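Trainee: Chain by chain, the residues run as shown.
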Amino acid sequence: MGSLDTFLQQVFNGLVLGSLYALIALGYTMVYGIVNLINFAHGDVLMVGALTALSAVTLTHALAPAIPGWGLMVIGMLAAIPVCILLSLLIERVAYRPLRNAPRLAPLITAIGVSILLQTLAMIIWGRNHLTFPQLLSADPIAIGPATVTITKLLVIVLSAVIMLGLLLLVQRTRLGRAMRATAENSRIAALMGVNPNAVIAATFAIGAGLAAVAGVMYAAVYSVAHFYMGFIPGLKAFTAAVLGGIGNIPGAMLGGILLGLIEALGAGYIDQLTDGVFGSNYQDVFAFIVLCAVLILRPSGLLGERVADRA
Amino acid sequence: MTTWTKSAATAIVAVLALLGCGHKEEANAPGSQGGAQINAPGGNVIRIGHVAPLSGGDAHLGKDNENGARLAADEINAAGGVKLGDKTYRVEILGEDDKADPKEGTLAAQKLLDEGVVAVVGHLNSGSSIPASKIYNDAGVAQISPSTTAAKYTEQGFKTAFRVVANDIQQGTAMANYAINDFKAKSVAIIDDRTAYGQGLVDVVERVLKEHGVSVVAREYTDNKASDFNAILTKIRAKRPDVIIYGGMDDTAGPMAKQIRQLGVKAPLLAGDGTCSPEFIKLAGDGADILTCSRAGEAVEKLPKGAQFMAKYKAKFGSEVQIYAPYSYDAVYVIVDAIRRAGSVDRAAVAAAVATTDYDGLTGHISFDAKGDIKNGAISLFHVQGGQLNYLSTTR
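Residue numbers (this note's numbering), protein chains in the order written: chain A, 3 to 314; chain B, 15 to 410.
These are calculated hints, taken from the structure and not from any lab test. Take the hints with a grain of salt, since some may be wrong.
Unchecked claim - Here are the simulated lysine to any residue pairs, SDA-like style, with alpha carbons at most 20 Å apart:
#	chain 1	residue 1	chain 2	residue 2
1	B	K296	A	S140
2	B	K224	B	S201
3	B	K97	B	A356
4	B	K319	B	A392
5	B	K173	B	S358
6	B	K296	A	D274
7	B	K253	A	T150
8	B	K239	A	A290
9	B	K253	A	S57
10	B	K280	A	I77
11	B	K166	B	R208
12	B	K148	B	K97
13	B	K253	B	E220
14	B	K296	A	L6
15	B	K239	A	W128
16	B	K389	B	E169
17	B	K200	B	P292
18	B	K296	A	W128
19	B	K385	B	Q402
20	B	K253	A	N131
21	B	K319	B	E89
22	B	K239	A	A192
23	B	K253	A	D274
Being a predicted model, the structure only gives us computed values, none of them experimental.
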């Protein structure tokens, strides 16, 4: 039984991590699907979201100490989402739109530049230290069957699932979603049909940024730390997840994110048993990337294929 | 492309460039002040380099070390500076940021040498100190680290590498003994962050534990930028160790302690000096109480002038002492003492004088053995309780 407990706990750990990866990966994949741009500043939008929420929570708590933890959590998210959306729209307008018809390397380099710019600005505003994200929801371990969970981690899984479901409905069932799919397929033809590509692209960036804000707040809440370069690693992992699922493909990003989280957790947990002690948990990341390589060799366009629009 | 967007793009590039420079200058402000007098250690200024991470996860510790060094320099200058013959010198600290990265550490070392430092206090992290020590050795410049504990640092045969703290052979042995005698541990799980420091420290702990018949039921690895430890901790939970031992710094140990508690693991956490800071308590939140940690020196609270130092530090910098500020403070005094005894600011003469140090500092009596390790180094142990680091005991 002991080993089953551990297995289920690892699956739960993987789901928490994977839900966060999936939320972030969606931002990469939606933007790539529409403008073929790898938005490397996406991870840093997440960081700005987390730090904005931290400031909002700290300020609110100082002004009104009576507000309970979950209330502060909601306030943190409500502060982070609009800030990230505005920031992302600004980045799109100022840094990416002028380069939309430039060779593909130019916006890529610009994205890296924006990423460094955001990190530097965050360092000036919030300082260089690791900041403690306050514990807003109870961190007491709760035993659910064989797994030990906390409220925050459960919230991550539930909230991510709801948001992703909402996003699928938005893309498949609404006018905006149809315009997004049309622009992804062929933005010039879509424009001829009366779709305003600039508005659709801006909306895509805004949605991605909103998801990043939520992911950032939850990432900080789960690990209780926030700092100016916290977006880099989750950003990189989420990008990997997006490629794993098939970049440009929305269900692909969700699948890739969850899968990468599970691979990391189970990889770290079982790699030494699988390899008979040759590799330990120090090869955790290697393991994740071996899986990525294997998938890309067998299915070069990712698990679910590159563009959802082409296959729909 | 319209002119508007063109100019906007140009503006962004310009802002980027400006910010890049601005940040650099901020980090190196003390260095850039004297940029005009490169290679001029003479004049009326004695330049002492200081290297520690001033950005990234260890930034608070780096700032702490640098503050200690600056406090010493300010005191020396306020007391009339350093008189050699008929000249009076002012002590200036040139602070460099190595981002806790071995590559950045060697760059910082080279930069300080180019700027004409007489000696160097630093680096903070063993992983950065060790590669840089070769550069200082080649230049004949004394390097006194206030916090490098990895045994290898002084085992390279360099005549210029010194430390004013104990090494990890002592620290690891003290930790292992605590696990055996006080925790009565029969089985332990060990995690390290794959840095020279973390790995070196727990290797010593593991060796001593095994010599005493304690079984190591799990040996896990993370890295010094990780924030998620759930997978390895879940694995450790299944092995039911009596104690979890961690080799790493406080910025990773804090979240780790929290996750240990959240997974319902009951084992205490035993870790080295890198975690023994007020910052750990902040980051670990309600998981902090599981930590027992060591410092490679006497507890500041127990030192005769400790309370006075902490009050002075707080008044000047507005923050608490993290770990090793008293040691970087003493390292500056050791260098100035060596300069006075050598009667010159010649690098080689100063390095030779540091080797024969016999100085009573804030942190105790300082003299070095043939390798450059402090003689009779102390290891003090602490336990976190109610948001405070409580002193337990000292071994030598």
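Trainee: Against this structure, judge whether each hint is valid.
Mentor: Hint check:
A hinted pair counts as satisfied when its Cα atoms are at most 20 Å apart, and B/K296 with A/S140 qualifies at roughly 17 Å. The hinted pair formed by B/K224 and B/S201 meets the criterion: a straight-line CA distance of about 10 Å does not exceed 20 Å. Only pairs whose Cα atoms come within 20 Å are accepted, and B/K97 paired with B/A356 is accepted, the gap being roughly 12 Å. A distance of roughly 17 Å separates the Cα atoms of B/K319 and B/A392; the hinted pair therefore holds under the 20 Å criterion.
Taking the CA atoms of B/K173 and B/S358, the gap is about 19 Å. The hint holds against a cut of 20 Å. For the hint linking B/K296 to A/D274, the alpha-carbon distance of about 34 Å lies beyond 20 Å, and the restraint is violated. For the proposed pair B/K253 and A/T150, the alpha carbon gap of about 16 Å is at most 20 Å, so the pair holds. Among the hinted pairs, B/K239 with A/A290 is consistent with the structure: their alpha-carbon atoms are about 17 Å apart, no more than 20 Å.
Proposed proximity of B/K253 and A/S57 is contradicted: the alpha carbons are some 40 Å apart, above 20 Å. Straight-line distance between C-alpha atoms of B/K280 and A/I77 comes to about 34 Å, which puts the hinted pair past the 20 Å bound. Proximity of B/K166 to B/R208 is assessed by CA-CA distance (about 15 Å); at most 20 Å being required, the pair is judged to hold. Our distance criterion of 20 Å between C-alpha atoms is broken by B/K148 and B/K97, whose separation comes to about 31 Å.
Under the criterion of a C-alpha separation no larger than 20 Å, the hint pairing B/K253 with B/E220 is consistent with the structure, at around 17 Å. The hinted pair formed by B/K296 and A/L6 fails the criterion: a straight-line CA distance of about 35 Å is larger than 20 Å. Between the alpha carbons of B/K239 and A/W128 the distance comes to roughly 19 Å, so the proposed pair stays at or under 20 Å and holds. Among the hinted pairs, B/K389 with B/E169 is consistent with the structure: their alpha-carbon atoms are about 15 Å apart, no more than 20 Å.
For the hint pairing B/K200 with B/P292, the CA-to-CA distance comes to about 30 Å; that exceeds 20 Å, so the pair is violated. For the suggested pair B/K296 and A/W128, the alpha carbons sit about 17 Å apart, so the restraint of at most 20 Å is met. Between the alpha carbons of B/K385 and B/Q402 the distance comes to roughly 36 Å, so the proposed pair goes past 20 Å and is violated. Proposed proximity of B/K253 and A/N131 is contradicted: the alpha carbons are some 35 Å apart, above 20 Å.
In summary, the hint linking B/K319 to B/E89 is supported, as the alpha carbons are separated by about 15 Å, within the 20 Å threshold. Pair hint B/K239 plus A/A192 does not hold up; C-alpha atoms about 44 Å apart against a cutoff of 20 Å. Pair hint B/K253 plus A/D274 holds up; C-alpha atoms about 14 Å apart against a cutoff of 20 Å.
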